[in-house]
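Novice: Okay, here's what each chain looks like letter by letter:
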Amino acid sequence: MVLKHLYELKELLVDKPTRRLVLAAAQDHFSLTSALKAAQDGFVEPILVGDKEAVQSIATQHNLDLSGVRMIHEPDTEMAVEIAVKMVRSNQADILMKGQVGTSSLLKAVLNKEWGLRSGALLSHFAIFEVEAYHKLIAVTDVAMNIAPNLQDKISIVNNSVGCLNKLGVEIPKVAVLGAVEMVSENMQATLDAALLSKMNQRDQIKHCIIDGPLAFDNAISLESAKHKGIRSEVAGDTDLLLMPDIEVGNVLYKSLVFFAHAGVAAVILGATAPIVLTSRSDSDQAKYYSILLAAAISKSE
Amino acid sequence: MITSLRQMADTVRSSGKCHKIAVAWAQDPNTIGSLNRAVSEGFAKALMIGRREQIIRICRETGADPDRFTIIEADNEKNAATLAVSMTLSGEADIVMKGLVGTDKFLRAVMDKERGLLPPKAVMSYVCAVEVPAYHKLLFITDTAVIPFPDLDQKVAMAEYAIAMAKKFGISRPSVALISASEKVSSHFPNTLDYSVMCKMAERGQISPCVMDGPVDLFLACDPVSVKIKNVDTPLAGDADILLFPSLESCNPFYKGLMLFGGGELAGMICGTSKPVVLMSRSESELSKYYCVALACLMAATKDVN
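Heads up: the protein sequence lines correspond to chains A and B, in order.
Residue numbers 1 to 302, in the numbering used here, belong to the letters of the first sequence in order.
Residue numbers 303 to 608, in the numbering used here, belong to the letters of the second sequence in order.
The set of hints was computed from the structure by calculation and includes no laboratory data.
There could be a bad hint or two in this list.
Said to hold, decoys possible - Think about it this way: if two alpha-carbon atoms lie no more than 25 angstroms apart in a straight line, the pair counts; the simulated PhoX-like pairs of lysine-lysine are:
| no. | chain 1 | residue 1 | chain 2 | residue 2 |
| --- | --- | --- | --- | --- |
| 1 | B | Lys486 | B | Lys530 |
| 2 | A | Lys52 | A | Lys136 |
| 3 | A | Lys37 | A | Lys4 |
| 4 | B | Lys322 | A | Lys207 |
| 5 | B | Lys407 | B | Lys322 |
| 6 | A | Lys108 | A | Lys300 |
| 7 | B | Lys558 | B | Lys415 |
| 8 | A | Lys86 | A | Lys52 |
| 9 | B | Lys532 | A | Lys207 |
| 10 | A | Lys174 | B | Lys486 |
| 11 | B | Lys577 | B | Lys423 |
| 12 | B | Lys530 | A | Lys207 |
In this text, all values refer to a predicted model and were calculated from it rather than measured experimentally.
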């Protein structure tokens, strides 16, 4: 199955049980709005953990309907986060979403050894873009979390992302490992890692996907461009996932897709026992909404 | 295509070409013995640099006709090596060969920055063509003799030399197996990381046309049955032409094992130099020594065999 538009995420959720989304420190206008919208549309059942009064005042101010929404009052932010995380851990919620709390505080709770959501995998950021010029949705990782992943990190990031794409119906995702050029050069570590990831994939040490790299951005997304360079690749021109060499490249690509190419985007944090929605204020309402849908689409069905 | 060492020597012999070989410190029964057949078959002309009287005496002792050789007097081994190399550099000889001179002194002359045969930044390595009854074709193996622990660049150079040699034998797209203990990529085995990078380089056309795969073990490289049993998807399919080893200490015992226990013969030479350099172990068989000389003549010729 190949998705072309982010709204097709909705189709993936039809006939599936409604996922429970817990919003940690819910007294945040932006995340509250998108969570309630997704709830209205029937995709998630929200649980709000936070300062009840603050949440209600935001709701009144912005005309949000809280009727029938479950709320747990906890004015202390740290405690609210802990409660939210523990609810996911004890299977009372399927998705964790960040509210009025710093990213680092939320992740600290997620990584808590006693009651956190560690799965043994590295946490990584996974974004999926709808770009007019490309024939299907294209996933990009890691644009926001791992700064300078080494080979081992990259393997984990690929595994996280491939698992996610599998759940979205992309059975054997095509993974392009990005470099500045398609040639291997000892002076560019990204190209060496790319060669290693390719070979490990060939040897079934990284499964359920086809990896090729290094590929320059144009080779990865345009078959014509790859042919022009004489590259023979199963991935070139039909990439499902772009693996970034580091966070700078990833972040700039992410933002240039959004600002210059007016791409739609949905993003989640992978690698914990449940998907985490961690949107930032600068994300559009639509991006937040689709991020919740993405999390719902990949969260466990139990 | 040349499929045996004997055919290789026949090809050289019937080419009608005669290559001049400058021999450094030539008063050595081994060296004279190995050259005698090549010279009498007409594809080599030996310029014997060393002590004239001793050369003549050894020729007589070994049953070789000293008149077949051009003898050039030299007073010590260092001068003999320098002269042999400089004659090759200037084109008076096509090939340089080590005689009784110590390997280190000989290679120092070969590698001399101003009057040597090694281009700047070139990697010097050793490639052997091995014929062993248990394998269905010739095997080119590297590096048996020069680079102890090749890094990535050196491994790429080794592969290129072996590919170039295989092409001289008429194998247009040789299969190159990058040998390790298993086919898995692991940072615990750093050579497997280099191998992965090399495969991608070959895929991207950064290495001369070949079918390259590695890491693979020897079974996956040379035994189709094992490829089936292990179910590893490798284009080598147990039919490798070239075996590139991770170190001299793995490659050297491998080839010696083939010679000693496998009934093998070989033809080997130094690669990376601007002219062929013949250097061989004294303990090689007479036949292998003859093949080494023939191989140098094959490699000195400008055209590949079809």
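Novice: Quickly compare the C-alpha distance for Lys407 (chain B) and Lys322 (chain B) to 25 angstroms and report which way the hint goes.
Specialist: holds (22 angstroms)
Novice: Would you mind confirming whether the straight-line C-alpha gap from Lys37 (chain A) to Lys4 (chain A) stays at or under 25 angstroms?
Specialist: holds (23 angstroms)
Novice: Within a Cα-Cα threshold of 25 angstroms, do Lys52 (chain A) and Lys136 (chain A) meet the stated pairing?
Specialist: Distance of about 42 angstroms is beyond 25 angstroms: violated.
Novice: Holds or violated: Lys486 (chain B) and Lys530 (chain B), Cα atoms, limit 25 angstroms.
Specialist: Roughly 16 angstroms separates the two Cα atoms, so the pair holds.
Novice: Could you grab the alpha-carbon distance between Lys577 (chain B) and Lys423 (chain B) and see if it respects the 25 angstroms cut-off?
Specialist: holds (16 angstroms)
Novice: For the pair supplied as a hint, Lys174 (chain A) and Lys486 (chain B), is the alpha-carbon distance within the 25 angstroms limit?
Specialist: Holds, because 21 angstroms separates the two Cα atoms, which is no more than 25 angstroms.
Novice: Is Lys532 (chain B) close enough to Lys207 (chain A), meaning Cα to Cα at most 25 angstroms?
Specialist: Between Lys532 (chain B) and Lys207 (chain A) the Cα gap is close to 17 angstroms, so the pair holds against 25 angstroms.
Novice: Verify the proposed pairing of Lys108 (chain A) with Lys300 (chain A), using a straight-line Cα cut of 25 angstroms.
Specialist: Measuring from Cα to Cα gives roughly 23 angstroms; hence the hint holds.
Novice: Between the alpha carbons of Lys322 (chain B) and Lys207 (chain A), is the straight-line distance 25 angstroms or under?
Specialist: Distance ~57 angstroms between Lys322 (chain B) and Lys207 (chain A) Cα, so the pair is violated.
Novice: Starting from Lys530 (chain B), check that the Cα of Lys207 (chain A) is at most 25 angstroms away, please.
Specialist: With Cα atoms ~20 angstroms apart, Lys530 (chain B) and Lys207 (chain A) stay inside 25 angstroms; holds.
Novice: Are the Cα atoms of Lys86 (chain A) and Lys52 (chain A) separated by 25 angstroms or less?
Specialist: OK: Lys86 (chain A) and Lys52 (chain A) at ~19 angstroms, within 25 angstroms.
Novice: Would the hint linking Lys558 (chain B) and Lys415 (chain B) be met if the CA-CA limit is 25 angstroms?
Specialist: violated (32 angstroms)
This entry does not satisfy hints 2, 4, 7, going by the numbered hints stated previously.
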